[in-house]
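Protein chains: 2
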Amino acid sequence: MWILAPISAIASIIAGGILYNYVSKQDSGTEKMKEIAAAIKEGADAFLKREYTVLAYFVAVVAVALAIFINPIMAPTYIFGSVCSGLAGFFGMQVALKANVRTANAAREGLNRAFPIAFRGGAVMGLSVVGMGLLGISIVYGLTGNPEIILGYSFGASAMALFAKAGGGIYTKTADIGADLVGKVELGIPEDDPRNPAVIADNVGDNVGDVAGMGADLFDSYVASVVAAMILGGELEMAELLGTEQIPLIFAGLGVIASLIGVAVVRVGKKGNPGKALNFGTYFTCIVFAALTFLVTYLLGINIGIWIAANIGLLSGVIIGITTDYFTSIDRSPTIKTAESSQTGAAINIITGFSYGLISLFPPLLGIGVASTTAYYVAEYFGISGLYGISMAALGMLSIVGMIVAGDAYGPISDNAKGIAEQASLSEKVIEVADRLDAAGNTSKAITKGFAIGAAGLTVISLLATFQVLTKAVSFDLMNPLVLTGALIGISVPPLFSAMVMLGVSKNAFRMIEEIRRQFREIPGLKEGKEGVKPDYARCVDIATTGALKELLPASVVSIVITLAVGFIGGIQALGGFLGGSIMSGLIFALLMANAGGLWDNAKKYIEAGAFGGKGSDAHKAAVIGDTVGDPFKDTAGPSLNTLITVMSLVASVFAGLIANYNLMTLLGV
Amino acid sequence: MWILAPISAIASIIAGGILYNYVSKQDSGTEKMKEIAAAIKEGADAFLKREYTVLAYFVAVVAVALAIFINPIMAPTYIFGSVCSGLAGFFGMQVALKANVRTANAAREGLNRAFPIAFRGGAVMGLSVVGMGLLGISIVYGLTGNPEIILGYSFGASAMALFAKAGGGIYTKTADIGADLVGKVELGIPEDDPRNPAVIADNVGDNVGDVAGMGADLFDSYVASVVAAMILGGELEMAELLGTEQIPLIFAGLGVIASLIGVAVVRVGKKGNPGKALNFGTYFTCIVFAALTFLVTYLLGINIGIWIAANIGLLSGVIIGITTDYFTSIDRSPTIKTAESSQTGAAINIITGFSYGLISLFPPLLGIGVASTTAYYVAEYFGISGLYGISMAALGMLSIVGMIVAGDAYGPISDNAKGIAEQASLSEKVIEVADRLDAAGNTSKAITKGFAIGAAGLTVISLLATFQVLTKAVSFDLMNPLVLTGALIGISVPPLFSAMVMLGVSKNAFRMIEEIRRQFREIPGLKEGKEGVKPDYARCVDIATTGALKELLPASVVSIVITLAVGFIGGIQALGGFLGGSIMSGLIFALLMANAGGLWDNAKKYIEAGAFGGKGSDAHKAAVIGDTVGDPFKDTAGPSLNTLITVMSLVASVFAGLIANYNLMTLLGV
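Here the protein sequences come in this chain order: A and F.
With the numbering used here, letter number 334 in the first sequence gets 334, and the count goes up by one each step, no holes.
With the numbering used here, letter number 104 in the second sequence gets 104, and the count goes up by one each step, no holes.
Heads up, some of the hints might be wrong.
Claimed, not checked - Okay, derived cross-link-like pairs now, BS3-like style, lysine-lysine, Cα gap no bigger than 25 Å in a straight line:
#, chain 1, residue 1, chain 2, residue 2
1, A, K605, A, K615
2, F, K270, F, K25
3, F, K25, A, K550
4, F, K507, A, K507
5, A, K337, F, K550
6, A, K621, F, K615
7, A, K41, A, K534
8, F, K507, A, K337
9, F, K550, A, K605
10, F, K621, A, K507
11, F, K184, A, K621
12, F, K337, A, K507
13, F, K615, A, K615
14, F, K507, A, K621
15, A, K621, A, K184
16, F, K621, A, K621
17, A, K184, F, K621
Because the hints were derived from the structure by calculation, they are not lab data.
Treat the numbers as computed from the prediction; the structure is a model and nothing was measured.
Using the sequences plus the hints, can you model the full thing?
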């Protein structure tokens, strides 16, 4: 029956191809628009090419290490994982680069013409992520029949995702902060003004950070959740509970089908509300998933506990998404109060937003906790391992990832469309349509972002269970000093990583700002917008690219090295504690940074809409500072943390056998 | 032999009395100075009176609950603990209120005349904290012979400390931010200018927040570390290892003697460096403690493992202090780079400072981890329980707390002295001397602050061990879903608490700012400094007081309620995980907020000293915003977190028996 997985994966890839075709066929507008789109594409391709070149070396080194120390089969599987992840990101970005300009052009004919282009562009990404991910898993599983080998595939995808997220995140914020600080703040020119030398780099950033990076991130969580459930299921099979190893594949396949249906039903009328359409698509997909899995559970006689566990995961994903939405939504109390506090200056704005960010941790962490406990005990109640229940909850949460990514990638596409419309000097009315598309993206993004973090949380918990099963550790007892020390070191790694990438952003933004200032100073007529005078866009693209590549490696490598160091020095117990600690603080900072960042952004927008003095007031200036602080929080450090904790968990699981045999503590006889 | 504890405690109180006498005998200067000092004293006394009134109700309610649900003896012990803690804070503050004006007056005769007054004023606080703490423990132990009853004493001290810290912290920052934003930023008048209506409230804040609050905080950690070690030692005694229950008392007594000697040796010459003198005192006290405990260990034939464990704690306290110093020190790279980044605006200043704050977590967390592992295995190697080793390490770290508090309380005294000198319009030269005294306070504060957090970390770990021993839980296994869920909820409580007190500050500061603006607007001649025109200081003092009392209760009560809710719903396992999680995130945020806050403060000072454009430059304005963000971080939320996690641990231990018998999970048969 698990053949359902590759079949639906292939169906998903084919559907993606059809939508790709649909997007390509659309008209890409005026010469000016084509020119801008070409410049963005050129910058994005250049970045990806250089990034992938650097990563190729890294992948090669790790593959050799895996072949020597772990298992010769691990090396090609690892490479396969990183290639699949890279391809999914690459395809998704290619279509986004086509969809942006076409959406802008269609916006001239109205919202209901533009929306499907942006959404289907995003859907290509979503469908290729789940399609490639599940197909890859199926291939490795079909060839080896051993879920532990798929860990290598997952590790490859994960390492790739870490670089894509961190690199893309540094890139996008370097360009964004640079463009804003010099353009909007110093010179008072509008966002996306073609005179700004960093404007193309800023548009490129949306694609390499928000599209390619985000796709790689969810690819990674998705694959990891399936693998973890398969390994835990495999252990159960040994206990003669048949099918538990392959059920994750079946459920994942049904999730892909649900996403396909969900993508198909999303549409919006002439006067429709695109935000509602996106959310409807998400909820509809959930219901289809619940129904399909119930049917199959019934038909195949699968233990009903597994179905309940998976759907507990899905339900809690939705709840976490909705609570996250409360804390960042523009019409809710946290955002309004933060906006209000801006009247007393930037410092109070930041303290207030940061405080609400801290409060926003409570509901999702409680949600993840309750979801895992419930899934655990339900599974046990129905006679299955509780840890398997948790892993199925994680898989359930991630099952609809195709739809989630589709909605998420829609955001940067419409953001880009708006940018292109402004740079190509399209009419006010067109820009307004583009603006509405963009705003809808932000609404759906809040829910899906909470979803993604919740899913990552459950996934790493099930990876920790996998690590325990693989190492045959009886427990990770907090009162064992090795576990405790591991945990204390573990909690400090996500903050360390965040700091390194954020310092990367601020260093790189510094270079970018110097360059933008230089161009405005040295290129005659640029500031005044003289006909025919163009800034040197390529130079800014180059600064963002070089800087991002320079800053992404140390943070990522340090995290992997610390994981291995803790393992080889402290042994399995210390490493278990370390993973537990890193999950805790990874979740804390991922949620805090995503939510505080989103809140500051919306507080600024709330003021811009006219409250507390509106644009140009002191409150607005204060809110702009808060928003700029939030930029690397929500778009660089925060979203990389999901991936970071997944990578650390996978490194630990892949090296578990080696570490169990060779570590200092065993050597010392502790 | 444990009689050493009460004897040295009484000696400490007597020495405190002698120093109090010394300070009182000094001249308190001109009429103007006396008048200012009287206003500060009046405000501080009024706050404390109102705070203690509110707390009396709280203490009464909790005492009744303890008597009914736990044990009738617990109630008076609990009240005794809160009274002792309150008295130590009260005495310390009284002498600080005398020492400030006398230090200012002596500054007219030079540094070497002023320093001893400020330092001995602080020493009264230090000696009364350890004296009252240890005497109280000795009395309860002498009367009951049961260390578990002392938990009630510790709980009383702890609850008191939480209120004192949170209330004092909100008070001091309300006044500080209000005074700065209107005075320095809006009107451009200097700090501590007598025209500013909030200037007296600001000076009062130093006393109620930094003196009384800090004293209560360390009183709390100190008592908890002794109690935890005694309980764990008592368990060992049952295993026929004699003396382990009373050794903590003996070591604590020796620590008091070491502090007495340390306080006696601190002095500074005419051209001397007061910062160095303070640090020398700290190091000297450590050496005396190590030597004294070694001697007694040898003479009484105490297991050498215990001595080593205690001194590992002490040593790691010093190391943690020094690394903390690196991240916040004005002449080190993190501060200088943050100052440099201010040139690109407030947002980059904040991102940079926050990032270094995140990095600064790594060394102390590693230090706490390594210290506890080493203490554990050393103890085990010498045939004692490893957990007892950890608790002795915590006790060792806190043994010199008398000296630590002395150096810490010195800070706000000299800060106040500087304020009085400025308000009383003393000469430039006098202000310069006061400035040097103040700067030395900041240097020693960085080291002692790291020390305090490290000590709190080890103490709560040993309280967790106590909780485990009292509940006879076999383990707190991270893979147990109840432990895991408990941990996920636990990690979200310290951020929630921080957010509530910080929002309290920003709400209250808002009211204060409105009032200051009103006074400048409505009192004729105030802004111009017309002879005889005085602002309404009392009104500002009242706003700070009322607001602080209103804001401190919810945060504190919520934390205690959540702790009990997790226990009564999830049972012992969930509560163990909860405590573990709250320790993790409590340490993260305590360190982050203390260090980032200190760093922003010094980055601003670095610019004020002339770098990157100096005072009044754009970089300076950006750095002022960073500093204001850091204010509630480092002086309100951050320092309360130590106390918070101690309170939560003690609540859990005190209610452990009840929870073990009555909780939902047991009811459900899970």
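Hints, verified against the model:
This hinted pair checks out: A/K605 and A/K615 have alpha carbons roughly 9 Å apart, not beyond 25 Å. A distance of roughly 22 Å separates the Cα atoms of F/K270 and F/K25; the hinted pair therefore holds under the 25 Å criterion. A distance of roughly 64 Å separates the Cα atoms of F/K25 and A/K550; the hinted pair therefore is violated under the 25 Å criterion. Between the alpha carbons of F/K507 and A/K507 the distance comes to roughly 34 Å, so the proposed pair goes past 25 Å and is violated.
Between the alpha carbons of A/K337 and F/K550 the distance comes to roughly 19 Å, so the proposed pair stays at or under 25 Å and holds. Between A/K621 and F/K615, the direct Cα distance comes to roughly 21 Å. Compliance with the 25 Å bound is thereby established for this hinted pair. Between A/K41 and A/K534, the direct Cα distance comes to roughly 18 Å. Compliance with the 25 Å bound is thereby established for this hinted pair. In summary, the hint linking F/K507 to A/K337 is supported, as the alpha carbons are separated by about 10 Å, within the 25 Å threshold.
A distance of roughly 32 Å separates the Cα atoms of F/K550 and A/K605; the hinted pair therefore is violated under the 25 Å criterion. Distance check on the hinted pair: F/K621 and A/K507 sit about 20 Å apart at the alpha-carbon level, within 25 Å; holds. A C-alpha spacing of about 19 Å is found between F/K184 and A/K621, which places the hinted pair at or below 25 Å, so the restraint holds. Only pairs whose Cα atoms come within 25 Å are accepted, and F/K337 paired with A/K507 is accepted, the gap being roughly 10 Å.
For the hint pairing F/K615 with A/K615, the CA-to-CA distance comes to about 29 Å; that exceeds 25 Å, so the pair is violated. This hinted pair checks out: F/K507 and A/K621 have alpha carbons roughly 20 Å apart, not beyond 25 Å. Distance check on the hinted pair: A/K621 and A/K184 sit about 11 Å apart at the alpha-carbon level, within 25 Å; holds. With a C-alpha separation of about 13 Å, the suggested pair F/K621 and A/K621 falls inside the 25 Å cut-off, and the hint holds.
With a C-alpha separation of about 19 Å, the suggested pair A/K184 and F/K621 falls inside the 25 Å cut-off, and the hint holds.
Checked against the numbered hints above, the structure breaks hints 3, 4, 9, 13 and satisfies the rest.
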